Amino acid sequence: MTSSTPSRPTQHEAPPAADAAPAAPLRRSRTSRVVGGVCGGLGRHFDLDPVIFRIVLGVLAVTGGIGLVFYGFAWLLMPLVGEEESEGRRLLTGRVSGASLAAILMALVGCGIFLSMLRTGSLLGFAVLLALATAGAAHWSQRRPLSEGEAEADPVAKPKAPHGRVPVPPEAKAPPLTFLEREMSSWWRDPIVKDGSTGKVAIGYLWGPHGIVDAEGKVGGEVPRPGSQWGPPRNAERPEPSVRRSPYSIAGLVHLLALAAAAAGTALTWDTQPLGTSLATGLAAALGVFGLGLVVSSFLGRTGFGTIFQAVVTAALLAGALALPDKITTDWTRQTWTPPTVAAVQPRYDLGAGVGTLDLSRLAVPEGTTVSTTVDVGAGKLEVVVPEDVVVRLHAQVGLGDLQLPGQAPDDIDIAPDRDETRTLNPPAGTDPAGTLDLSLEVGLGQVEVTRAAS
Amino acid sequence: MLLHEFRPGRLVVGLASLALAAAYGGELADAWSVPWWLAVPVMCGALGVAGLVTWVAYGVRRRSARSRSAESTGAPASSSGSQAMR
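Chains as they are written, first to last, in the working numbering: chain A, 1 to 455; chain B, 1001 to 1086.
These are calculated hints, taken from the structure and not from any lab test.
Misleading hints may appear alongside valid ones.
Stated by the list, open to error - Label pairs and their calculated CB-CB ranges: (1) A:Val59 <-> B:Val1056: 56 to 62 angstroms; (2) A:Gly430 <-> B:Val1034: 39 to 45 angstroms; (3) A:Asp326 <-> B:Phe1006: 41 to 47 angstroms; (4) B:Pro1008 <-> A:Glu83: 16 to 22 angstroms; (5) A:Ala264 <-> B:Phe1006: 28 to 34 angstroms; (6) A:Ala264 <-> B:Pro1008: 29 to 35 angstroms; (7) A:Pro340 <-> B:Val1034: 45 to 51 angstroms; (8) B:Leu1002 <-> A:Leu118: 52 to 58 angstroms; (9) B:Glu1005 <-> A:Gly320: 56 to 62 angstroms; (10) B:Val1034 <-> A:Arg423: 35 to 41 angstroms; (11) B:Leu1002 <-> A:Met117: 51 to 57 angstroms; (12) B:Glu1005 <-> A:Phe305: 14 to 20 angstroms.
Stated by the list, open to error - To give an idea of the chain B side of the interface with chain A (calculated C-beta under 8 angstroms), a few residues: (13) Pro1008; (14) Leu1011; (15) Ala1021; (16) Gly1025; (17) Trp1037; (18) Leu1052.
As the list claims (entries may be wrong) - These stretches of chain B come out as covered by chain A in the derived footprint (C-beta under 8 angstroms, 3 or more residues): (19) 1012-1020; (20) 1026-1036; (21) 1040-1047.
Being a predicted model, the structure only gives us computed values, none of them experimental.
Heads up, the beta-carbon is just placed ideally off N, CA and C, and yes, glycines get one too.
Sequences are here, hints too, so could you generate the full structure?
Okay, structure coming up:
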């Protein structure tokens, strides 16, 4: 479909052959577009004014974001007029354009608004009702001329129906105004009669393309300029410069090499070193590659701000990895210690990373005795279940994380650095007196949870 | 086209990155001990020095281009590829 030869069938030709033709294919409009041409294409497909779709989608976008989601996906899935591939297909084959990114961004923002408004059911109901009403209107608008066209096919009974279907004009010629022009009126706007005659009346969109191309290819008596809305496309693009003025970029190569170095350094030390050392080895290798690339690019090839930024970020991550405590291991384990008797309680329990549970609920501590133990977890969670009747002398150290003591609500999570608390937890009143439990708990990164067993 | 004029800012940042990687690598190999926050002063200092050095180098190139242009013996200054040199 070319836009270079705009023409338009004359008004009074009855086109019965076109009555049987199906509606215009669902394509994004190239001419009547505000953002992506989706509404213009929908309007053409359903023979309805695009402003209706614009308003409905705008309202749906504001009230719950569904309009944005729909618009984004329609932008991705509907191909442009005259093109075979949709933006989504191009995206999947690796040809990312700004339009597809904008469509994805739009859908993402819509999803965010939708999720944030998911709780307000009335808004959702309104959106569903509005969408259903619009779909019904569009369907009715698409089907209506078909039935009237069948009636018009009998020339004796109805020689000239006022609502007769005229063919949907091709894309580049004009917006689908033919029905409105024949009706000479609109339910949302009064017609604008330029010279007072009953001839062609220009009813434009509220916003969208302006003017109508007549049979001579003129808009308002003027030949459209090349590159303007109705004119032929401007072909004289500026030629690409044949001489490359800047040196080739080596940033991509440096980035790939640094990624490979980081992966290799981490993988080689993963099994033998603690987590922080392993990560730091990979990051140091990557930082070395970035440094080499920057040194090389001071003479050969070009690296930009991105490579410097990556080097800075890598250095920051490296410092963070070195600050991790060495006792955090690379494997995540679940460990449960359940000493059955006081004599079986070991003086120290250790866990690198994972969930450690010290279950002392079945432990009977005689009155007047003290049981001491130390539990050390590098990263993760340390759960200690103490018997109901003992006095607990607690010394808990958390490098960064939360401390949960009996009596706290389970959702009372308060993450703070360098916690060091010493408490004495007395048994609830009414229990038989028992001995003392001396607990020393240490977690580098994570949570300490002390619960008292129910009897 | 790979070879271009010397860009000292990249050299400074690259050398600082290499030195930092070597320092931390020695720490990881237990050859010596460095504090974990060493990256902060090294990278900040390197970026500052790189900016200063780039500014000086730009001034030197502009001055030499201007003098070459004033002598009007060689090529005009605009042939050096920079838009800013008139």
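Which numbered hints does this structure break? 2, 4, 9 and 18
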